[in-house]
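> Here is what each chain is made of, one letter per residue.
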Amino acid sequence: MQWSTLFKKEMLENWHNKKWIWVPLVIILIAILDPISNYYLPQIIESVGGVPDGTVIELPEFTPAEVVMMSLGQFSSLGVLIIVLMSMGTIAGERKSGVSELILVKPVSFKNYITAKWAALLVIVWGSLFIGMLASWYYTNLLYGELSLTALLQIVFFYGLWFMLVISLSIFYNTLFKTPGLVAFLTIITIMLMSVITQVFAHVLEWSPNNLSSHIFEMLMTDSIPSDLIGSAIVTIAISIILVAASILTFKNKELAE
Amino acid sequence: MTTLLTVKNLSKTYDSKAAVKNISFEFQSGKCIALIGPNGAGKTTILRTLAGLLKPSSGTVKFTDMKENDDLRKHIGYLPQYPVFYSWMTGMEFLVYSGQLAFLSKTEAGKRAEDLLVKVGISEAKHQRIGKYSGGMKQRLGIAQAIIHKPKLLMLDEPVSSLDPIGRREVLTLMEELKKEMTILFSTHILSDADEISDELLLLRKGEIVEAGSMSELRQKYQTSKIELEFQDDLENYQLKVNKLTNVMDSYIDRNVLHVTATDIIQARQEILTAAANENWPLTNFTLNRASLEDMFMKVVNN
Amino acid sequence: MQEFFDAINWAVIAPVLVIQGILIIIAMIDWAKADNTNGPKWMWFFIIIFVNIFGPILYFIFGRSQR
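Chains as they are written, first to last, in UniProt numbering: chain A, 1 to 258; chain B, 1 to 303; chain C, 1 to 67.
None of these hints come from the bench; they were simulated from the model. Among these hints, one or two may not hold up.
[As the list claims (entries may be wrong)] Computed Cβ-Cβ distance ranges for the label pairs, DEER-style:
1. C/Val16 / A/Ile45: 16 to 26 angstroms
2. A/Gln154 / C/Val16: 22 to 32 angstroms
3. A/Leu249 / B/Glu108: 25 to 35 angstroms
4. A/Ile189 / C/Gly39: 19 to 29 angstroms
5. A/Asn253 / B/Lys206: 24 to 34 angstroms
6. C/Trp42 / B/Asp65: 53 to 63 angstroms
[As the list claims (entries may be wrong)] Cross-link-like lysine to aspartate or glutamate pairs, in silico, EDC-like; alpha carbons within 20 angstroms at most:
7. B/Lys8 / B/Glu26
8. A/Lys178 / B/Asp15
9. A/Lys252 / B/Asp70
10. B/Lys180 / B/Asp199
11. A/Lys254 / B/Asp71
12. A/Lys254 / B/Asp15
13. A/Lys18 / B/Glu93
14. A/Lys252 / B/Glu68
15. B/Lys126 / A/Glu13
16. A/Lys252 / B/Asp71
17. B/Lys179 / B/Asp115
18. A/Lys8 / B/Asp71
19. B/Lys17 / A/Glu146
20. B/Lys106 / A/Glu13
21. B/Lys106 / A/Glu10
22. B/Lys180 / B/Glu200
23. B/Lys55 / A/Glu255
24. B/Lys132 / A/Glu255
25. A/Lys111 / B/Asp71
26. A/Lys8 / C/Asp35
27. A/Lys8 / B/Glu108
28. B/Lys74 / B/Glu181
29. B/Lys150 / B/Asp70
30. B/Lys221 / B/Asp195
31. A/Lys111 / B/Asp70
32. B/Lys74 / A/Glu255
33. C/Lys33 / A/Glu255
34. B/Lys21 / A/Glu255
35. B/Lys138 / C/Asp35
36. B/Lys132 / C/Asp35
[Claimed, not checked] If we take Cβ atoms under 10 angstroms as the criterion, some of the chain A residues that face chain B in the derived model are:
37. Lys9
38. Leu12
39. Ser214
Computed from a prediction, not measured in an experiment: that's the story for all the values here. Glycine included, C-beta positions come from ideal geometry on N, C-alpha and C.
Pulled out of the complex, with its shape left as it was, chain A reads as follows (with noise of 0.2 angstroms):
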């Protein structure tokens, strides 16, 4: 089996550059940085000093969904980037190295290729999300109050949709272009937008993937699954699949040496 050889090396690979220690571990600060700095935030303000004695600092008590939500933020924000980084020399830094002219002569299948390389980053992220979520919900439980896990789950699974889509973007790109900070701007750039657009034409883009996040806020809430949330996992899911399927295409169309 060709795919199984290529996604061999990439898991390999990916242990050998110590990326299946690093990515979970940032992952994982990102995820309990708000639980964590919100909790102890009366008493940071108060250490650093300058309000009078005798104020009282009020801060708003925050709901564990709410907590979990200000991980996610930081993902979006954050754990982006940090995917965004780590993906976009998968095959634009084979490409601009040289060694793809070594694999790529070989009877290699583009689809083979591209596909075991997105499955290989969407099990590393995965992966990451999952365990940084878990700590992320080990610290919503013993400093704001309980939530299930079976909530858990449920946000792991269509946040990480959201993820993939960031992937896909990642590998689409990276199939243009061989430069791998051109490939994580580009990324990063059309995220924005996607961003802008879903926010200017929020009455028709209901299912926007951008929405994810609000739509798993609101499964929070209602403690059920809203219509909508499947609705952008959907839209999330065919999109992606798009751009992967865009991305073979490509590279079968491109020249694979200068």
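Assemble the complex: chain A is given as a structure, and chains B and C must be docked to it using the hints.
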């Protein structure tokens, strides 16, 4: 002998600049063919196009016994001029990986990799990270990965030009050996390398094949031997006499030496010596000069 | 300030410190083994050690040489 590969009217254009212009040629199986020409003649472009890394602007590349829709890459092995590997892999791992990508099973690939590591002479470094390999070792690993799947055609882009004299000798010896098992096409800008191991030459200049043939054919064709004559005096007078001889094509005087080119060098020698003896020419020097292969190369390339 | 440290529940903070420690150690091991880095190697030493949390991450993303 059968034809292995046919290239027809192949052209490759980059941004409206032609790198390869409408070339056609055929390879016989079992031959070792050298693509030779100065830098920028289109050697790498041709190899990359045959390897499927570049798409021809026009023309076709076809293996004789290849089925319709078959992947051309199954039948070729390719070593780029500057091979880059996954430096975190060991030599062994990289070969097994390459083999598996070419549809060998893991055990087959492992066995073949062991054999090849011995053959190319780096088996003592097989469990070392490629990042630690020297240039010569990488080149040899590169050859091993190119032939792991027993391709019909092995293509090497400047396989020895970046190596020191010892590495160069080792790789040439290795190629000499591989020649017995497969068809080899390699590029070089050094004539003596081509001369040493190739059966046939394709001379390239500015993207065109200017000359093709076996070494001896080309030698014969471009061997414009000269006779150099020196006289005690009256050089111009004797030049007129020499020019009248039937086998003499042309002559010119350079630094008091009369250079004579002939249609048939042996006949011309006979004529000149006979005339000199009969008419008592004050001949002080008679030299028969055969043009070297380098002269021929320069002549074809500079044209 | 003392009050601030007393108020901290170390069971909450410890995991953060541990993660940061692991990141620094792994980055340092990788850095020590690397033949070369993007940019001067010594510079990455200081970035890994002194840039809080982000140092090791910056090293993994930008410092590691692919070759």
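> Evaluate each hint against the coordinates.
Here is how each hint holds up against the structure:
Distance hint for C/Val16 and A/Ile45: a CB-CB separation of about 19 angstroms, consistent with the stated range 16 to 26 angstroms. Evaluation of the 22 to 32 angstroms hint for A/Gln154 and C/Val16 yields a pass: the beta carbon distance comes to about 26 angstroms. Checked against the hint of 25 to 35 angstroms, the pair A/Leu249 and B/Glu108 passes, with Cβ atoms roughly 33 angstroms apart. The hinted range of 19 to 29 angstroms is satisfied by A/Ile189 and C/Gly39, whose Cβ atoms lie roughly 26 angstroms apart.
About 28 angstroms separates the C-beta atoms of A/Asn253 and B/Lys206, a value consistent with the hinted range of 24 to 34 angstroms. For C/Trp42 and B/Asp65, the Cβ-Cβ distance of about 59 angstroms falls inside the hinted range of 53 to 63 angstroms, so the restraint holds. Simply put, B/Lys8 and B/Glu26 have alpha-carbon atoms about 8 angstroms apart, close enough for the 20 angstroms limit, and the pair holds. Of the supplied pair hints, the one linking A/Lys178 and B/Asp15 holds, its CA atoms being roughly 19 angstroms apart against a limit of 20 angstroms.
Only pairs whose Cα atoms come within 20 angstroms are accepted, and A/Lys252 paired with B/Asp70 is accepted, the gap being roughly 15 angstroms. For the given pair, B/Lys180 sits about 12 angstroms from B/Asp199 by alpha-carbon distance, which is consistent with the 20 angstroms threshold. Taken as a hint, the A/Lys254 and B/Asp71 pair is honoured in the structure, with Cα atoms around 16 angstroms apart against an allowance of 20 angstroms. For the given pair, A/Lys254 sits about 15 angstroms from B/Asp15 by alpha-carbon distance, which is consistent with the 20 angstroms threshold.
Proximity of A/Lys18 to B/Glu93 is assessed by CA-CA distance (about 19 angstroms); at most 20 angstroms being required, the pair is judged to hold. Proximity of A/Lys252 to B/Glu68 is assessed by CA-CA distance (about 18 angstroms); at most 20 angstroms being required, the pair is judged to hold. Restraint check for B/Lys126 and A/Glu13: satisfied, since their Cα atoms lie roughly 18 angstroms apart, inside the 20 angstroms limit. For the hint linking A/Lys252 to B/Asp71, the alpha-carbon distance of about 13 angstroms falls within 20 angstroms, and the restraint holds.
Proposed proximity of B/Lys179 and B/Asp115 is supported: the alpha carbons are some 17 angstroms apart, at most 20 angstroms. Only pairs whose Cα atoms come within 20 angstroms are accepted, and A/Lys8 paired with B/Asp71 is rejected, the gap being roughly 24 angstroms. Using a Cα cut-off of 20 angstroms, the hinted pair B/Lys17 and A/Glu146 is violated, with the two alpha carbons roughly 69 angstroms apart. Restraint check: the Cα-Cα separation between B/Lys106 and A/Glu13 comes to about 18 angstroms, which is no more than 20 angstroms; the hinted pair holds.
Taking the CA atoms of B/Lys106 and A/Glu10, the gap is about 17 angstroms. The hint holds against a cut of 20 angstroms. For the suggested pair B/Lys180 and B/Glu200, the alpha carbons sit about 15 angstroms apart, so the restraint of at most 20 angstroms is met. A C-alpha spacing of about 6 angstroms is found between B/Lys55 and A/Glu255, which places the hinted pair at or below 20 angstroms, so the restraint holds. With a C-alpha separation of about 31 angstroms, the suggested pair B/Lys132 and A/Glu255 falls outside the 20 angstroms cut-off, and the hint is violated.
For the given pair, A/Lys111 sits about 14 angstroms from B/Asp71 by alpha-carbon distance, which is consistent with the 20 angstroms threshold. A C-alpha spacing of about 25 angstroms is found between A/Lys8 and C/Asp35, which places the hinted pair above 20 angstroms, so the restraint is violated. For the hint linking A/Lys8 to B/Glu108, the alpha-carbon distance of about 18 angstroms falls within 20 angstroms, and the restraint holds. For the suggested pair B/Lys74 and B/Glu181, the alpha carbons sit about 17 angstroms apart, so the restraint of at most 20 angstroms is met.
The hinted pair formed by B/Lys150 and B/Asp70 meets the criterion: a straight-line CA distance of about 16 angstroms does not exceed 20 angstroms. Using a Cα cut-off of 20 angstroms, the hinted pair B/Lys221 and B/Asp195 holds, with the two alpha carbons roughly 16 angstroms apart. For the hint linking A/Lys111 to B/Asp70, the alpha-carbon distance of about 16 angstroms falls within 20 angstroms, and the restraint holds. Between B/Lys74 and A/Glu255 the CA atoms are separated by roughly 19 angstroms; this keeps the pair inside 20 angstroms, and the hint holds.
Between C/Lys33 and A/Glu255, the direct Cα distance comes to roughly 36 angstroms. Violation of the 20 angstroms bound is thereby established for this hinted pair. A hinted pair counts as satisfied when its Cα atoms are at most 20 angstroms apart, and B/Lys21 with A/Glu255 qualifies at roughly 18 angstroms. The straight-line distance between the Cα atoms of B/Lys138 and C/Asp35 is roughly 17 angstroms, inside the 20 angstroms bound, and the hint therefore holds. For the suggested pair B/Lys132 and C/Asp35, the alpha carbons sit about 9 angstroms apart, so the restraint of at most 20 angstroms is met.
Nearest Cβ of chain B to the Cβ of A/Lys9: about 6 angstroms, under the 10 angstroms cut. The hint holds. At its closest, the beta carbon of A/Leu12 sits 8 angstroms from a beta carbon of chain B; the interface hint therefore holds under the 10 angstroms criterion. A hinted interface residue such as A/Ser214 counts as satisfied when its beta carbon comes closer than 10 angstroms to some beta carbon of chain B; here the least separation is about 42 angstroms, so the hint is violated.
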